[in-house]
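These are the residues of each chain, in order.
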Amino acid sequence: MNPSDDRIIDITTGWINVNTGCNNRCKWCYRQVDLATNSQEMLLHMAEQLVDFFIALDIYSCIFIGGEPTLYKKLTDLVSQAKKGGIKELTVVSNGRKYSKKEYVQDLIAAGLNNFSISIHSGFQYIHDLISRVPAWEQTIGGIKNVVSLGHFCSLNVVVGPGNVTSTIDSLKILLDLGVDKIIVSAAIPCVGENGITGEYALDPQDFGELATQIADLDERVVVLHELPLCLIPREPFVRLVEQNRLGFGCHVGLGRGLSVDVDGKVIPCNSFAHHPMIDLFQDGKLRFSPDEFRHVWATDETVKSVRDAVNVYRSEICKECDLWSLCNCGCPMTWGAFNPEDYINDGLLDIKAEDVYQYTNKKYNP
Amino acid sequence: MKDVRTLLASLNGKKIAAKREPDQKFEARNSSPLCQCQCRR
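Chains as they are written, first to last, in this note's numbering: chain A, 1 to 367; chain B, 1 to 41.
Excised from the complex, chain A in its bound form (with noise of 0.2 Å):
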């Protein structure tokens, strides 16, 4: 072991991929590869000892996702585990449809459950379900109800592509109505499909960057989750989503903060990466490291540090001259699957320093 390799990186999120499986059919899924296989669902004793190892990982939050992670049988066994551990902030991310059941979305909050994660596309019906591809939204709402109505905090998820960017705004109003704690509002963005990456259903950039002026203008529990560059948002809405707290960005492979799961167990770099493993994190059903002997692999492993350098690079000459691409990273890598920089990328926050920005993040995360 080289001790100049050995750089402890603080993992501060785990995310878990219990299953494949889903009962919507989203156009712009971020695992639509799985869409049209068999479903997977991780191994219980898998699903077990990696909460396990997150909890000795001392990891910060943990997130359960797929799929559809409601319809994983032992979700609340695996939530009661991940308290009882110590794990402070417990997320599930969900189309809510489960959640129509209210007994259901009581267990999960018995179990310690802190944040219900429900990803809607609109609140407009006929909008949610053409994208959807299934009749989900009266399930879906329903869920949100059940959530609001016992109190416990309630975010969603609108991810916007082609087919609900014009009734996003008013769409939003609708779901604010209904009393949530807060929507975070993001891209449909390219992902993996059979042959590569895939923009089929993905939004154009610049679309997002006017959609997120709009956003400025409306309740402050509307937040922007920005995965692309930043210099997309004009600066006047840019400063002000700043100055309120609503804006987050970057992605956190080129750090090395975040440790995604896949179904299989294998370690890969982000959620949207299905099936491009890196580590695999089992051998014969058994983990195969301790927390020190992962943490040192996280550090040096040959593909995980290729992967990260693939990831921290300026995808424009603008991006040298711009303080700023240290929170950003040009954004998400899979929006240039399908898209090309040069035509996004400006000069139009040169001036703006990230220890600017991020004071007011920081002020955010630790008041």
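Keep in mind the hints are simulated off the structure, nothing from the lab. Please note: incorrect hints may appear among the correct ones.
Calculated lysine-lysine pairs in the DSS-like style (CA-CA distance at most 25 Å, straight line) [stated by the list, open to error]: (1) B:Lys2 <-> A:Lys286; (2) A:Lys101 <-> A:Lys83; (3) A:Lys353 <-> B:Lys14; (4) B:Lys2 <-> A:Lys353; (5) A:Lys73 <-> A:Lys266; (6) B:Lys15 <-> A:Lys305; (7) A:Lys27 <-> B:Lys14; (8) B:Lys2 <-> A:Lys266; (9) A:Lys83 <-> A:Lys27; (10) B:Lys2 <-> A:Lys88; (11) A:Lys266 <-> B:Lys14; (12) A:Lys83 <-> A:Lys353; (13) A:Lys305 <-> B:Lys14; (14) A:Lys320 <-> B:Lys2.
For each label pair, taking beta carbons as the anchor points, the in silico distance ranges come out as [said to hold, decoys possible]: (15) B:Lys14 <-> A:Asn23: 39 to 47 Å; (16) A:Gly112 <-> B:Ser10: 19 to 27 Å; (17) A:Leu43 <-> B:Ser10: 26 to 34 Å; (18) B:Ser10 <-> A:Asp207: 39 to 47 Å; (19) B:Ala17 <-> A:Lys173: 43 to 51 Å; (20) B:Ser10 <-> A:Asn346: 19 to 27 Å.
Some chain A residues judged to face chain B by a derived CB distance under 7 Å, without partners named [to be verified]: (21) Pro135; (22) Gly151; (23) Val307; (24) Arg315.
Virtual Cβ for every residue (Gly too), placed ideally from N, Cα, C.
The hints should help you fit chain B onto chain A, whose structure is shown.
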């Protein structure tokens, strides 16, 4: 099962190696990264 490095090599853009890494000080310990998966994705 596909090769992640091949996938990343297929991305557009100049891919100029950054002389710095994203600054970890900009990620507070208790800030769960937002993505669509917490989605924050």
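Could you work out which earlier hints the structure fails to respect and list their numbers in ascending sequence?
When the structure is compared with the hints, numbers 4, 7, 9, 10, 11, 12, 14, 16, 18, 21 and 22 turn out to be violated.
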